[in-house]
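Chains as they are written, first to last, in my numbering: chain V, 1 to 473; chain Y, 1 to 473; chain G, 1 to 473; chain X, 1 to 473.
Honestly, the hints are just simulated from the structure, not real lab data. Predicted model, so just to flag it, every value in this text is computed and none were measured. Warning: the hint list may mix true and false statements.
Copies of the same chain are indistinguishable here, so a pair counts whether it falls within one copy or spans any two.
[Unchecked claim] In the BS3-like style, the derived pairs of lysine-lysine whose C-alpha atoms are separated by at most 30 angstroms in a straight line are:
(1) Lys182 / Lys60
(2) Lys60 / Lys189
(3) Lys363 / Lys308
(4) Lys262 / Lys308
(5) Lys363 / Lys60
(6) Lys88 / Lys182
(7) Lys280 / Lys307
(8) Lys253 / Lys280
(9) Lys99 / Lys280
(10) Lys50 / Lys99
Protein chains: 4
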Amino acid sequence: AEESDGNEMDVETLSGEDIEARNTGDSREEGQQSFQWIIHPYSEEDFFSKYWEQGPLHIKRNSGYYEGLFTTADLDRILHNNVVQYTKNLDITSYSNGKRETHNPIGQAHAPVVWDYYNNGCSVRMLNPQTFHARVWKLLATLQEYFNSFCGANVYLTPPDTQGFAPHWDDIEAFILQLEGKKRWRVYKPRVEEEVLPVDSSGNLDENEIGEPILDVTLEEGDLLYFPRGFIHQGHAVEGNHSLHITVSTYQKNTWGHFLQKMLPQAVSVAMAEDVEFRKGLPRNYLNCMGIANMDHNIEGREAFIKKVGEMVGRMLEIAPLDAAVDQMGTGFMHDCLPPFLTIADKSCSVYGGGEKWSPSKKRVVNRVELGPDTPVRLIRGNCLRVVVEADNVRLYHTLENSREYHAEEPQYLEIVPESAPVVEALIHAYPQYITIENLPLEEETEKMAVVSGLWERGLLVTAQPLDASYDD
Amino acid sequence: AEESDGNEMDVETLSGEDIEARNTGDSREEGQQSFQWIIHPYSEEDFFSKYWEQGPLHIKRNSGYYEGLFTTADLDRILHNNVVQYTKNLDITSYSNGKRETHNPIGQAHAPVVWDYYNNGCSVRMLNPQTFHARVWKLLATLQEYFNSFCGANVYLTPPDTQGFAPHWDDIEAFILQLEGKKRWRVYKPRVEEEVLPVDSSGNLDENEIGEPILDVTLEEGDLLYFPRGFIHQGHAVEGNHSLHITVSTYQKNTWGHFLQKMLPQAVSVAMAEDVEFRKGLPRNYLNCMGIANMDHNIEGREAFIKKVGEMVGRMLEIAPLDAAVDQMGTGFMHDCLPPFLTIADKSCSVYGGGEKWSPSKKRVVNRVELGPDTPVRLIRGNCLRVVVEADNVRLYHTLENSREYHAEEPQYLEIVPESAPVVEALIHAYPQYITIENLPLEEETEKMAVVSGLWERGLLVTAQPLDASYDD
Amino acid sequence: AEESDGNEMDVETLSGEDIEARNTGDSREEGQQSFQWIIHPYSEEDFFSKYWEQGPLHIKRNSGYYEGLFTTADLDRILHNNVVQYTKNLDITSYSNGKRETHNPIGQAHAPVVWDYYNNGCSVRMLNPQTFHARVWKLLATLQEYFNSFCGANVYLTPPDTQGFAPHWDDIEAFILQLEGKKRWRVYKPRVEEEVLPVDSSGNLDENEIGEPILDVTLEEGDLLYFPRGFIHQGHAVEGNHSLHITVSTYQKNTWGHFLQKMLPQAVSVAMAEDVEFRKGLPRNYLNCMGIANMDHNIEGREAFIKKVGEMVGRMLEIAPLDAAVDQMGTGFMHDCLPPFLTIADKSCSVYGGGEKWSPSKKRVVNRVELGPDTPVRLIRGNCLRVVVEADNVRLYHTLENSREYHAEEPQYLEIVPESAPVVEALIHAYPQYITIENLPLEEETEKMAVVSGLWERGLLVTAQPLDASYDD
Amino acid sequence: AEESDGNEMDVETLSGEDIEARNTGDSREEGQQSFQWIIHPYSEEDFFSKYWEQGPLHIKRNSGYYEGLFTTADLDRILHNNVVQYTKNLDITSYSNGKRETHNPIGQAHAPVVWDYYNNGCSVRMLNPQTFHARVWKLLATLQEYFNSFCGANVYLTPPDTQGFAPHWDDIEAFILQLEGKKRWRVYKPRVEEEVLPVDSSGNLDENEIGEPILDVTLEEGDLLYFPRGFIHQGHAVEGNHSLHITVSTYQKNTWGHFLQKMLPQAVSVAMAEDVEFRKGLPRNYLNCMGIANMDHNIEGREAFIKKVGEMVGRMLEIAPLDAAVDQMGTGFMHDCLPPFLTIADKSCSVYGGGEKWSPSKKRVVNRVELGPDTPVRLIRGNCLRVVVEADNVRLYHTLENSREYHAEEPQYLEIVPESAPVVEALIHAYPQYITIENLPLEEETEKMAVVSGLWERGLLVTAQPLDASYDD
């Protein structure tokens, strides 16, 4: 089946860096470009209609395509300069003669010790390179603007002619970017209907229980391999070549079912509060006609009960708080997100780099700036905040103060009075356009300034230009 | 409005004890009779079509109607012979000049101290008289066979010309049985739609905020007053007469909404496991078109998303595990239930009174009995157990080992192998008829005996006759 | 060694019931009599100087000695009339061919099922007969007034020619009272110094690892066998005779060590609060001269540090709150205690039976009584309360509201103002004498009455005579 | 009193940087030098005999003394380059007209916002500058080698003519290093004996309740002010000058009392396990003669009990595990510690910088090094590990993998077999000397190598010279 099934394509020689790095100033557009760069030369339409959640795709490309993304030398540098911890940040693994082992010591992973394992045939997996590596952070932070779902990554370094992992499937959409050397990949179909698009990852599988691969290819530098969650896979570094790849992942637990899990309990609560029908008592006999002991007995009342449940659910759906449930998903996404990777321009036009500074020579604060009614502002990223009503307040959950380490910080938010919500909505819908403060939809000038200052002070806004110091320093 | 709205009726002189106490051998029939006795001379049809969950009903009856149910002397005896604890079992309260107070000391409620409070104008509320009083236990245990919902009770003793409680509403259907003396009751409509059939009880309300009563009657011995949850009420013992009444309650948190709260999360889980549609990813743009910040913006994708949610819920409903959800409600009910009140006949035909005994004279066990293939058996009560599949086992949750104190024991169950389930189903559906063991639907005679013995040993079965000792003692 | 070591003695024929039951009105004296009855005809002095915590003692007595204490028929009756639960209240065990098994089903122990196990050679252990049996409760409640330590009991019924338990040791002082039939006991010395007077019970031991018995006797009705904690033992019902005995236990975790565990942390806290020496910094070098890595190195500062620790502990001991620590032990004891077994006289002279009652005919409270300045009162038991200062309040922890089930209630106490403490102390020290209220050491008459009423209302006081109704009823 | 009490001294002009920075290769010696630099020109002997834990000391020095330690410009840079969070890392405070306020927003502290507060008269306190600032980290890490107690720091920036904090006392020994500008300090004696060397800090105190200062001085650049825990203090930036100081703190909860709190419970446990006297029962009457209700009554047994407690404590002390208790303090210290600040030499001679590296050009691991029998090694710091026996293993608790953020990591340790303990002890006692591996006290060469490799791989050892690559790369 493999190789010949049209799931790959040769592309002209291009450096990926060139394509990916455009700075358009619209984070969603940049996200789209980053994704297009990943699937190049396929079009989004092609990709989503033929492969996404459906089957594997191999793309052959020139060897310099990923230049500058991540190298084994980067890994070495990270090990020397950062506190990388086994198990939390890095795994040492092997898979040999059908036996999968993890060799993690405890404590900090020092380079010489890691390289010793590597020389002895162990694979090295770095679990969250974005924590330690700006370029990877930037890529993932950009992609999440496209996917509206957390984008993660692992880096895998495999010694020549070894394999680090048993066959298994994951619970994420996987994009494998071959950075150095070569690796032979075999990909297998989900075995049964229940394992298609699974919600959880598998354990280690046995070679005997996975059937024949539907794809058997050797990835080379610059190549991409995509496969959906649930597709079993295994990769083996070919003789004479070490292999380094990064797996970009997304769409973990981001399904219709997960949405309904959040939405339906809220919907019942709303229905019970707003519609007396849901507060009426159950029929006295329902325990006697329903239940598994009564399933095969056509007891009176059974049919009516089942029919009534359908009616009640339909009735519930009419007043179901879909938007609130989406917002709950959205705040979860805000918490999952990497913080935005800020450019020099982002910084100089925001609280991150603009504004007041300490002057050692003058021994006082200088560069005092102020936002004015005619200052044009916009959100720092298209998807950097989420408006939610909790209790009687409006909360703006945002990604700005997240850590590069997943969930290392609690969800961060900023509270505003409900009256100021239209300002935030206007900023959301204006994006990527700037809007001057005076044009924001709120009566009082001072209130507009207060809301905008609050957002600016938390790093959520950028001005079109760096602010000028309004005082003589 | 009061008195004249037809919500009361004079009935001929009858002692309630006579009507209620019939022992028909069918617990559900006895439950129905007990309920008919409570609403006598109204018919069930009348009651449920006109009053249940709709509005108050006052029934005038002769003064001996409740004879033997509960008296102030019973309360005195309980205080002397049992460890009754303030707050847990008994409250001392007063309501005077619009001020509601609780005067509970800590520790055990000794009779002299309670009577001192009473003499000083305090009301006495016993919270769960069924724990200490067999006749009340019997009434409630019987009624729950009718309602399929926990039946509780409080007893209230009020000194002449006083009131113990502020106006308020409860979260249960209330049947007030006037046992001694007189009490004037005023009943008010729920104030707003949201307070109709409420899920929780109110706090103390102010006289100013409750409007005019829709019923204003003085209950006398033998009278009944019913009103649905949410109806505000207050009762005042009339001058010269102490008042003793018992409030029988049911249908607490037993609504369609509560059922959906249990059912819907299970339904999503089943749908996610069984139908790949629910494991497919959400549309990439859903966070940008849905959510409260987007409600008033007709963003592309919004309409489609909402439509799709409707379709998914409909699809989910087709495979929703309604029976399993009912069983979950059912096991909750088994845990809530009072244990059955056993008659002498119940005991002599069950493990409670039949079978092996110790002979002090022979210094050995005597009266060895055995169930045989031709022994007719049936469940000890119609609603005493619930069949549930948990993991791979079948569990029979039952009420037999519950305490008379609410939830004092953990849920009790007995596990059987799935193959034996038909025997239990046959016993359920045969009730109130007896069935001989040999006629139970299972292949092997020994297996039938094993299942039946297991049920008999836990007290779930009665034989038609006391078993004969099968050995010569 | 056995039989011949003088650890037993024949006594004249006497019924134990006669000796034990005297009601002297002084609970400590009654406790002493009960204990004397248990070790009769040994004297306390003999017993404590030769056997207590030292070695086993077998006393032969006449067969009627324990008449009325507990019988197998009592056990049968308890199983029929009470909710006895396997594991919590009752164990079914066997020991055969060196294998110890527990056969407990789950749920309620119904008599026919228990007798079935017994007929199949299983032993029956009732874990806390005092919960279900008044005579046992009375004995233990009386004994704890003597021991100032919780007294518990287990009942063991063993079929003829069987053994229910493997050899083992317990963590309590054991008094085995042979009630019915015969049992052969073998008792072994603790194996090593560390197992002398152990703090915890052993697991099941193997016959091979316990050496030779130092005592090998057959207990008959009326006999007593005592052995200290740590002595290994096993009992076997002899052929042709079932055996029933009750083991009375005491002094569990009631050692000097347990006292020091409570006292020393308090002592440091007090020392740190009151003496600045304890708040001074440790020497800078102590980590470098002390610690196991430095034990064998005579580093400078080591000797001085060790010497200083000795001085500090000595200094601490001078202000150590010994009384507060004893009180903490004492409140623990109050919580462990069985509630007092009240006689008819106790009841009629206390809140339990005296005072106000409800008159059904008069439909009001009658028999109103009042304590007067000349009413003589005393504590209901010598050891029924403990005075403790917690925060700024004085708490009287007491045993009156304990359950007969061990620790089923939280510790119960009554708070008084510090000014009233002398009244309680006077009552404690007067016991067993009565003292009139007017003679209690407090300025104001009304305050005396208030304190005494508070104690009387909680059941802690008895009057010398039943109070007369002070009003005409 | 102030100024004139001899608590200050003028010193010749010297830059502190010159004195402090010597690298002697012995961490304890370097710690001592750092401390001498802090109290210069006082001698240790002088300082500890006259001031430590006794009273305040002001030292006047030249303005360049602290050059390079920390500046307001450093603070500005930290705010721009790090995620500094309000409350966790930084406080905005004010104290004006007797009112102390904290103005912390939530979330990240952005420089422009902080400077805005400063311009409005608020003080800025950075709570743990060592987390963000290498020079401060180095100073504290060095000092803790001297004190054997955690050394922390706060930085305070105060606008001209303002005060940020109310009078209060702290629970640490405080060394205030005036870095920029001037601040007037008033120091007051502890008010009562109980507040001398207190275990906890005070709340904000009122000017009225603190009496007169015993010291009133204006600190200038290069000055030092020391005062013990418990001394009340307040500082006010003088008109026309902002003030920046760093407070170095140590000896928090490091007293004899804290040691006894750890030691005594262990001592009882050991005594109970090893000495049967501690497992013997308490006297039956102790509850009746001891306790606060019996304090003023000379009841028999009381005196004997008190005497016996003294004897038991004395007996306990003879076998008390002082070393184990010190080790428990020591592991606590290991956890509290800052990780060592590593020099370039430290790195190149340890796992941090030496050993295997990745060669991008050769695409394989190079610079393979190996420890040999004649390699001289020593601990990386004198106080970097603690040997503890837990259960049957020997654990080496160490500071190497601690975070610069206090307690951000769990206690880190490495387990070795008990047989290897002498190797570690030898390394501890050899420090600061190197010892060749072959001279370590263990039989087998391979075992020596294994232990040393284990320590080297965790970063605990340095070699005398960087290791040579033992293979040709």
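Taking the hints in turn, this is what the structure says about them:
1. In this assembly of identical chains, the alpha carbons of Lys182 and Lys60 lie at most 30 angstroms apart only when taken from the same copy (12 angstroms versus 68 angstroms across copies).
2. For the homomeric pair Lys60 and Lys189, the shortest alpha-carbon distance inside one copy (21 angstroms) is at most 30 angstroms, but the shortest distance between copies (76 angstroms) is not.
3. Within a single copy, Lys363 and Lys308 get their C-alpha atoms no closer than 76 angstroms, and across copies no closer than 52 angstroms, so neither meets the 30 angstroms cut-off.
4. Both within a single protomer and between protomers do Lys262 and Lys308 lie at most 30 angstroms apart by alpha-carbon distance, with minima of 23 angstroms and 16 angstroms respectively.
5. Taking identical chains as interchangeable, the C-alpha atoms of Lys363 and Lys60 lie at most 30 angstroms apart only when they sit on different chains, with a minimum of 22 angstroms there against 60 angstroms within one chain.
6. Within a single copy, Lys88 and Lys182 get their C-alpha atoms as close as 27 angstroms, which meets the 30 angstroms cut-off; across copies the closest is 47 angstroms, which misses it.
7. In the homo-oligomer, the alpha carbons of Lys280 and Lys307 lie at most 30 angstroms apart both inside one protomer (16 angstroms) and across protomers (28 angstroms), since each shortest distance falls under that limit.
8. Taking the shortest alpha-carbon separations for Lys253 and Lys280, only the inter-copy value of 10 angstroms comes in at or below 30 angstroms, while the best intra-copy value is 36 angstroms.
9. Proximity of Lys99 and Lys280 under a CA criterion of 30 angstroms is satisfied in neither setting, with 59 angstroms inside one chain copy and 33 angstroms between copies.
10. When the C-alpha separation of Lys50 and Lys99 is checked against a cutoff of 30 angstroms, the pair qualifies neither within a copy, at 35 angstroms, nor between copies, at 67 angstroms.
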